[in-house]
Amino acid sequence: MGVAVRLLEPGLVHVLMSVFGAVVVCVGVLVFDMLVLVRRVVVRVSDAAVLVFV
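Mind the numbering: the sequence shown is residues 2 to 55 in my numbering, read in order.
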């Protein structure tokens, strides 16, 4: 049993690192999209506020 675990361990670590990397990339993309969306909303609100005050 111990030998099988030692043989599988490097592959398992590689799979976990691949999955973890993919999750980090997905979270990063989602956060970036949210920041872009928030920035667009803020720009639109400020443009609307300028139109209202003018």
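Hints are supplied without guarantee of correctness; some may be wrong.
To be verified - Here are the computed distance ranges between Cβ atoms for each label pair:
no. : residue 1 : residue 2 : range
1   : Leu9      : Arg45     : 41 to 47 Å
2   : Val16     : Asp48     : 44 to 50 Å
3   : Pro11     : Val51     : 56 to 62 Å
4   : Met35     : Gly12     : 33 to 39 Å
5   : Leu52     : Gly22     : 55 to 61 Å
6   : Ser47     : Gly12     : 41 to 47 Å
7   : Val51     : His15     : 29 to 35 Å
8   : Ala49     : His15     : 27 to 33 Å
9   : Leu36     : Val16     : 40 to 46 Å
10  : Leu13     : Val44     : 45 to 51 Å
11  : Asp48     : Val25     : 45 to 51 Å
12  : Val32     : Glu10     : 41 to 47 Å
In case anyone wonders, no lab produced these hints; they're calculated from the structure. For every residue, glycine included, the Cβ atom is placed at its ideal position computed from N, Cα and C.
Taking the hints in turn, this is what the structure says about them:
Under the hint 41 to 47 Å, the C-beta atoms of Leu9 and Arg45, about 53 Å apart, miss the expected range. For the pair Val16 and Asp48, the supplied restraint of 44 to 50 Å holds, since their beta-carbon distance comes to about 48 Å. With their beta carbons about 60 Å apart, Pro11 and Val51 fall inside the hinted range of 56 to 62 Å. Separation of Met35 from Gly12 is about 35 Å and conforms to the stated range, judged on CB atoms against 33 to 39 Å.
Hint check: Leu52 to Gly22, Cβ distance near 45 Å, so the stated range 55 to 61 Å is violated. Look at Ser47 against Gly12: about 53 Å separates their beta carbons, and that is not inside 41 to 47 Å. Look at Val51 against His15: about 54 Å separates their beta carbons, and that is not inside 29 to 35 Å. In this structure, Ala49 and His15 break the distance hint of 27 to 33 Å, their C-beta atoms being roughly 51 Å apart.
The given range of 40 to 46 Å is broken by Leu36 and Val16, whose C-beta atoms sit roughly 31 Å from each other. Look at Leu13 against Val44: about 47 Å separates their beta carbons, and that is inside 45 to 51 Å. Evaluation of the 45 to 51 Å hint for Asp48 and Val25 yields a failure: the beta carbon distance comes to about 35 Å. At about 32 Å, the CB distance of Val32 to Glu10 disagrees with the hint of 41 to 47 Å.
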